[in-house]
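A.B. asks: Residue numbers (the numbering used here), protein chains in the order written: chain H, 1 to 256; chain S, 1001 to 1431; chain W, 2001 to 2287.
In case anyone wonders, no lab produced these hints; they're calculated from the structure. Keep in mind it's a predicted model, so treat the numbers as computed, not measured. Be aware that one or more of the hints could be misleading.
As the list claims (entries may be wrong) - Dumping the calculated EDC-like pairs for lysine to aspartate or glutamate here, alpha-carbon to alpha-carbon at most 16 Å:
| no. | chain 1 | residue 1 | chain 2 | residue 2 |
| --- | --- | --- | --- | --- |
| 1 | W | Lys2161 | H | Glu116 |
| 2 | W | Lys2036 | S | Glu1097 |
| 3 | H | Lys64 | H | Glu116 |
As the list claims (entries may be wrong) - Partner residues are not named here, just some residues of chain H that face chain W (Cβ under 10 Å, in silico):
| no. | residue |
| --- | --- |
| 4 | Gly54 |
| 5 | Leu58 |
| 6 | Phe66 |
| 7 | Gly67 |
| 8 | Pro69 |
| 9 | Asp71 |
| 10 | Thr85 |
| 11 | Val92 |
| 12 | Ser93 |
| 13 | Met100 |
| 14 | Gly101 |
| 15 | Leu106 |
| 16 | Leu140 |
| 17 | Phe149 |
| 18 | Arg152 |
From the three backbone atoms N, C-alpha and C, an ideal C-beta is built for every residue, glycine too.
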Amino acid sequence: MAAPHAVEFHDLTVAYGGRPVLWNIDLVIDAPGIFGIIGPNGAGKSTLLKAALGLVPLAGGSVKLFGKPLDAVRRRVGYVPQRETVDWDFPVSVMDVVLMGTYPRLGWFRRPGPRERAVATACLERVGLADVAGRQIGRLSGGQQQRVFLARALAQEADLYFLDEPLAGVDARSQETIFRVLADLRLEGRLVVVVHHDLRTAAEWFDAVALIDMRLVAAGPTAAVLTPDNLRRTYAGPLDVLDELGRAVAQGSRTR
Amino acid sequence: MIIANGWLSEQAVMHAWAMATAAVVSAGCGLVGTLLVVRRMSLLGDAISHAVLPGIVVAVLAGGRLGGPIVLAGATVTALFTVWLTRSLAGRRGVAEDAASGIVFTTLFAVGVVLVSALASRVDLDASCVLHGILELVPFDTVPLAGFEIPRAFLTGAIVLAALLAMAVLTWKEQLFAAFDTDAARAAGMPVGLATTGLLAATALATVASFEAVGAILVVAMLVVPAATAELLVHRLHSMALVAVLVAVVASCIGYLAAWHFNTSAAGMIAVVLGLGYLAAALSAPDGVVARLAARGRLAWRVTCEDCLAALWRGEEAGAAAALPPAVFPRALGQHAALLWLRASGRITTASDGGWRLSTRGRAEAETVVRSHRLWEAWLGRHAELPLDHLHPPAEWIEHHLGAAVRERLEAEVGVAASDPHGRTIPPERK
Amino acid sequence: MSPLGAIPYNTLVVAVGVAAVGFAAGVIGSLGLLRKRALAGDAAAHATLVGVAAAFLATGRRDLPVLLVGALVAAVVSLGVLVLIRRWTRTRDDAATAIVLGVSFGLGITLISGITARGIPGGGGLEQFLLGHTAALTAADAVLLAAVSVVAVVALVVGFKEAVLVAFDPAFAAATGWPVAVIDYLLVALVAVMVVVGLPAAGAVLVTALVVIPPAAARQWTDRIGTMVPLAGVIGLVSAVAGVVASAGFPRLPTGPMIVLVAAALFGLSVLAAVVRDRLAARRPIA
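Using the sequences and the accompanying hints, generate a full structural model.
C.D. replies: Have a look at this one:
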C-alpha cells in the first residue's frame, strides 16, 4: 500500500458568514519538500492553511494529514502564523514564546523543565536568535519576530510545517536565515507548506506550487505551473461570477 | 385620579410633567446616541456619563444650580478632560484603549461619589440620586415661566434638546461623513477633530440634562439602546436618528407609567423597557432572528422540492423509473411533504403504477434546475483543477442558487451547444 | 480581644478577607487585561445587582453566600447574553456591552427600588451592593470571600501556562491542539467569580476598577509576566485594605470609591515612575 499523502484536501469549501471564499479545493501534497501556495490578495490562501489546521470550520469537503484527520496527528504539525495576529506588547520574552512550542508535548499543567529549555535554546540557535533569548518580544525587529515564530514552530519538533506569509515585511538577512532553515527541514525529510506573496522569489524557493484564486487554478512542479497562461487565469480570473454566487449563497437566494 | 372637578387633577399634572421631562431628556440622548453608536463610541458615552460626576459636584459647589449653565459648562469641561486623559494613557504599555477608559472613568466617578458624600451638607445631591436619579421628585422643583410653573429639569432638558437639534442640523453632513469613513473625511479636509469634539460635548450636555431624571449610570442605557434598536430596523443615518428618538420617547413614557404601576424606580423601568424594545427589534427586524430562521427554513424547503423535481426529470431522461434522492427520517418527512405539495400545486401527478410523473409546468422547472447543475459543472471544470467525479457535489449545491442572468453568462463561456463534462446535454433555457 | 490587641477580632478577619479579595482580583485581572477583555467584566458587574435582588426575593434570606450565588448566576447570564447579541444581531461589540450593562443595571435598580418601596424586611441593605460596604461583613462572610479568592488564585497558578498561551496567541494554541474555547471560557468565568467576590468591598459599579487598575499599574513596572502577575496582586491587596481602612474613618462613605482612589493613586505613581525611567534610559548613551 502506498504511503498516504502528507496533505490531502478533498473538495474543500470554506465560507465566511455564509459566503464561500474557497470553492471545492482538491489538492495533494507529498513530503519531503518546500511547497508554495500563491495567489492574489484575498484569494483565500491563508484560509486554506487555517482550514488545514482546523482554525476555521469547513462548509464542505475534508482535510487529511498523513492520511488521518487533524486531531490524530496534531503532534506532527507545526504552525507559523502571520505576525499581525499577536500583541507584541505582551510581557513575555523570546524564550517564553519559543517554549510555547513545547507545550503540546508537556500536556496539561506541567511546567517546562530543563529538557524543554534545551530544545528551545537549540531552536533559537538554529534561527540565529540565541543572544536575545531574554528580551521582551516587543523589542525585536520584524525579521527577528518572524524568526521567533519559526523557532517556536521548530520547538514543536513536527514533520509538517505550515507557514503563513513568513517573509512579508522581513529584512533580507532574516529572509535568508528563514529560507536556510526551511531547506534544512527539507533535507531532514519534512514537508514545509508556505503561503507566499511574491511571485519572483517563488520560482527559486519552491519545489512545487499551487495557484489559488478562490479555487485551485493549477498545482504541480514550479516551472510547469508558473506559466503565463496559468498566471493570467489566477490573477485576472472570473471572480465576479463567484462573487455574485457567494452573495446569493449567503442570503439563501438565487442570483439575478 | 386623573380627572377631578372637570380638569386634570394635580396629581395627573405632576405625572405628566415627570413623563415630559423623561421624554425630553431621552430624546436628546437618543439623538446623540445615534452618532455614538455608529461611530463605535458607545463605551466613550459610558465613560463620559460616569466621569462628569465630579465636574457636576464642583460646579454645584461653586454656586451653580443643577441644570444651570455653570453645571453644564463644568460637565462639558470634565468630559473633554476625560477623553484627553484616556487618549494619553492609551498609548502606554499594557494599557489598551478600553482599559484606559475604564481606569479614567471609574476613578473620576469615585472622586465624584466621595465629594458628594463628604460634602453632603453643602451640596444639594445625594448618592442615590447620582446612581438612579429622582424623576419622581422632578415636578416639585419648578421655576416660573410666562405665568406657569415649569419643572426646572424639564426646562433644562428642553433647552438642551433644542441645542442638540441645532448642532445636529448644522453639522449633520460632517458627522455623517466622519461616522462613515473617518480617514476619508479627514483627507477630504473635513473638520473631523472638531466634529468629534462637538459630539463629545453634546454627550456631556445630554448626560447632564438627564442627570436628575435618571442618574449617571442609566444614562448609558438611554444613549445606546434606542440607537442600537434603530440600527436593527433602518439603514440610513437620519432614519436611525428619528427612530432612536421615537423609541426613546415612547420607552420613557411606558417606563414611567410601568414604574408608577409597579411602585418602583422610574429610571430603572425605563431602562428595562428599552431593553425589551431592543429584544423585540432583534427578533422581528427584517434581518432579525425570526426572519433569518424563516429564511433558512424556506431555503431548505425550496431545495427539497427542486431536488425531487430534478430527480424525476433525470429518471425521464434515462428512461427508467425515477429514483428520488435517498432520505432517512427526518429528511424523509420533508421529502414526503414536498411531494404532496408538488402534486397539490400541479407540478407532478400520480401515475397509474403508483409512481410520480412531471406535469408540463413541473418539467419546465425541473429542466431549469438540471440546466443550472450541468452549466456549473461545465464552467467549474474549465476554471478549476477538479477530477471528473468531484464536479457533481458542488453542482448539487449551486444549482439552487443560479439565476437566469448568471446562467446566460456561464453559457456564453462554455458555448451554447455544449454538454457537461460527463457528456450529458445541457437543457436549453426555458423562456 | 484579638491577637493584635486593640483591633477587634471581627475587623481583623474582615481586613484579611478583603486583602485576599484584592490580591486575587489583581492576579486574575492581569490575564483579563492582557487578553484585551478589560471591560467585559463591567457588564457582568452591573448585572450582579439583578442576581442579588432576585436571590433575596426568591429565598427571603440576606446571608451573603445566598446573595453572591445569585450574583454569580446573573453575571454568567449577562455574559451569555453578550455572546447571543454578538452571534445573532448586527449590533457591534461596544454597543452590545453598553446595552447589557445599562439594561441589566436598570433591572437591578428596578428590583431593589421595588423591594425598598414595599418595605420588605431586610431589603434595605441591598443598596449597599451598589458601591460597597464592608462594615456589614461578618467574620464568616470574610472567610468565605477569602476562601473563594484563594481557590481562584490556585486555579490560575495551576493552569498558568495554558492561560498565558491562550491569552497571547489563541490561533497558535488552537493549531497545536489546545481547547481554546474551553480555556477562554474558564478565564472569563474566573473574572466573573472575582467580580462577584469583590461586590461587598467595592460594589457593582466600581468593582471592575479592582480588576483593571492593579494589573495596569503592575505592567508599568515590569516586562515579564511572571513578575507582573504577583505584583498586580500586591497592588490590589494594598488598594483593597487601604481603601477599607480609609473609609472606616468616614462611616457614611461607601467603601468602593476609596478602594478605587487608592488603586488609581498607585497607578498614577506607577505611570510617573515609568515615564521617568524611560526618560532616564533615553538619556543614557547606548553601551
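A.B. asks: Next, verify each hint and record whether it holds.
C.D. replies: For each hint, the structure was consulted:
Using a Cα cut-off of 16 Å, the hinted pair Lys2161 (chain W) and Glu116 (chain H) holds, with the two alpha carbons roughly 14 Å apart. Restraint check for Lys2036 (chain W) and Glu1097 (chain S): the C-alpha separation of about 9 Å stays at or below 16 Å, so the hint holds. Of the supplied pair hints, the one linking Lys64 (chain H) and Glu116 (chain H) is violated, its CA atoms being roughly 29 Å apart against a limit of 16 Å. Taken as an interface hint, Gly54 (chain H) checks out: its beta carbon lies about 7 Å from the nearest beta carbon of chain W, inside 10 Å.
A hinted interface residue such as Leu58 (chain H) counts as satisfied when its beta carbon comes closer than 10 Å to some beta carbon of chain W; here the least separation is about 15 Å, so the hint is violated. With a least beta-carbon distance of about 15 Å to chain W, the hint placing Phe66 (chain H) at the interface is violated under the 10 Å criterion. Look at Gly67 (chain H): its Cβ only gets to about 18 Å from chain W, farther than 10 Å, so that hint breaks. Hint on Pro69 (chain H) is violated. Least Cβ distance to chain W is approximately 12 Å, over the 10 Å limit.
The beta carbon of Asp71 (chain H) is positioned within 10 Å of a beta carbon in chain W (closest approach about 7 Å), and the interface hint is therefore held. Satisfaction of the interface hint for Thr85 (chain H) is found here, the shortest Cβ-Cβ separation to chain W being roughly 5 Å, below the 10 Å cut-off. Annotation: Val92 (chain H) was flagged as interfacial toward chain W, and the flag holds, the nearest CB pair being 6 Å apart, inside 10 Å. Below 10 Å, beta-carbon pairs count as interface contacts, and Ser93 (chain H) has one with chain W at about 7 Å; its hint therefore holds.
At about 6 Å, the closest approach between the beta carbon of Met100 (chain H) and any beta carbon in chain W falls short of 10 Å, and the interface hint on this residue holds. This hint holds: Gly101 (chain H) has a C-beta 8 Å from the nearest C-beta of chain W, less than the 10 Å allowed. Given hint, Leu106 (chain H) at the interface with chain W, holds; its Cβ is 8 Å from that chain's nearest Cβ, closer than 10 Å. This hint is violated: Leu140 (chain H) has a C-beta 13 Å from the nearest C-beta of chain W, more than the 10 Å allowed.
A distance limit of 10 Å between C-beta atoms decides the matter here; for Phe149 (chain H) the minimum to chain W is near 8 Å, and the interface restraint holds. The criterion of a C-beta within 10 Å of any C-beta in chain W is met by Arg152 (chain H), whose closest approach is roughly 7 Å, and the hint holds.
In summary, the structure is inconsistent with hints 3, 5, 6, 7, 8, 16 from the numbered list given earlier, while agreeing with the others.
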